[in-house]
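Residue numbers for the sequence shown follow the working numbering, beginning at 6 and rising by one.
No wet-lab data here; the hints were simulated from the structure. On a predicted model such as this, the values are computed, not experimentally measured, just so you know. A hint or two may mislead.
[Stated by the list, open to error] Okay, the calculated beta carbon distance ranges per label pair: (1) 131 x 40: 18 to 28 Å; (2) 254 x 140: 12 to 22 Å; (3) 224 x 104: 40 to 50 Å; (4) 201 x 85: 26 to 36 Å; (5) 66 x 165: 15 to 25 Å; (6) 55 x 278: 30 to 40 Å; (7) 141 x 309: 42 to 52 Å; (8) 143 x 265: 21 to 31 Å; (9) 176 x 104: 14 to 24 Å; (10) 318 x 132: 18 to 28 Å.
[Unchecked claim] In silico lysine to aspartate or glutamate, EDC-like type, Cα no more than 16 Å apart, as pairs: (11) 257 x 278; (12) 136 x 175; (13) 53 x 126; (14) 154 x 126.
Positions of the beta carbon are idealized from the N, C-alpha and C atoms, including for glycine.
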Amino acid sequence: MKFPDSDPSIIDSTESGSDDESQHEKKTEPTLTYHAPWQVYGLSWCEKPDTFTLAIGSYTEQLKNQMQIIDFNEENQQFSVVSTFEQFYPPTKIKWIPHIANTPNLLASTSDSLRLWESKDDNVELRCEMKSNPSMEHSAPLTSFDWSKQDPRIIGTSSIDTTCIIWDIETQTTTTQIIAHDKEVYDIAFFGGNNSVFGSVGADGSFRMFDLRRLEHSTIMYESANFNPIARLAWNNRDFFYVALILLDQQKVEILDIRSPSLPIATLDRHEDSVNAISWAPHSSCHICSCGDDSQVYIWDISTIPNPIEDPFLRYFSNSPINQIEWSPSNNEWIAIASDSTVQALRI
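Whole structure, please, built from the sequences with the hints as guidance.
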């Protein structure tokens, strides 16, 4: 497949020149832009090689929300809609299955339940729907999930009912359900080096780690100042000792080393409004991107740790607050962002 070929859209903030940012930053148009029919929240790159495909999800107040699969069209050099399908409630997260040979092209989403979709050609079918409590008409909303990169049969979900659930999608059953936090759990992520270990964060202001082989114990790795809620976590894709955290309604990203996690080893605090999402580079242990309500994308180089990291080395300005960001796992020159009803793919 031929991928888009155009000039980078992101600005090098380390250019030499005047201190006046307007003199050395040139705002250019995004590389690729797609306008959805609704506000976009969910966003995920397909991980299969030789694809340039995104799944996106709506955020509307209606019961019925939508998801779309969009793909790069070589003829018009733009994104085209492959499929549109409905689901109940806005998806809190969507994510393609990790790429492993001979796995089906599955997409997962969370809202009131965990749903698995299978994409074949131009069609998407609901493969199964799993609820934390099938006997109840309404289950506690799921806030997020993660797919085990080493064993894609396994998905972990987090919920506002303080629990995390581990699912076996082959048998469509729960293998483990634990009370993970004292308050709502906002995010969950598997440790990259071991599919038995995962981390979670939540409204109680803690980052915790769990081992599925020893669930009688969990470890509180970090507690935020004043127990401010922690909204998101992301493991480094190359150096599994590093994890990034977003504090709810805060303008910074904290980087922890789990070998000594009591204090952050770095704080990335150039955003001027709340940070909404983060994504580590798939090919480098030193690079992470962030986005927020200040309508800015920052790409950071943390290779200078333990020295303070004062500025990002790349930046991009959007026209409205940015809800989501994801670095493409299979095309590491590309980052996708969701801003209002617009999806943009940025070549760096």
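Okay, residue 55 versus residue 278 on CB: inside 30 to 40 Å? holds (37 Å)
Using the beta carbons of residue 131 and residue 40, state whether their distance is inside 18 to 28 Å or not. At roughly 26 Å between Cβ atoms, residue 40 and residue 131 fall inside 18 to 28 Å, so the hint holds.
Would you mind confirming whether the straight-line C-alpha gap from residue 136 to residue 175 stays at or under 16 Å? holds (15 Å)
Are the Cα positions of residue 53 and residue 126 separated by 16 Å at most? holds (14 Å)
Range first: 40 to 50 Å. Now tell me if the beta carbons of residue 224 and residue 104 are that far apart. violated (30 Å)
Decide if the proposed pair is consistent with the structure: residue 257 and residue 278, CA atoms, cutoff 16 Å inclusive. Measuring from Cα to Cα gives roughly 9 Å; hence the hint holds.
Quick check on a hinted range of 21 to 31 Å for residue 143 and residue 265, using CB atoms only. For residue 143 and residue 265 the Cβ distance comes to about 43 Å; the hint is violated.
Regarding residue 66 and residue 165, is the given constraint of 15 to 25 Å on their beta-carbon distance met? Hint holds: Cβ distance 18 Å, inside 15 to 25 Å.
Verify the CB-CB distance for residue 141 and residue 309 against the hinted window 42 to 52 Å. holds (51 Å)
Can you tell me whether the CB distance of residue 254 to residue 140 sits inside 12 to 22 Å? violated (36 Å)
Note whether the CB distance of residue 201 and residue 85 lies within 26 to 36 Å or breaks it. Distance hint for residue 201, residue 85 is violated at roughly 41 Å.
Does residue 126 sit within 16 Å of residue 154, going by the straight-line distance between their CA atoms? violated (24 Å)
Going through the hint list in order, the structure does not satisfy hints 2, 3, 4, 8, 10, 14.
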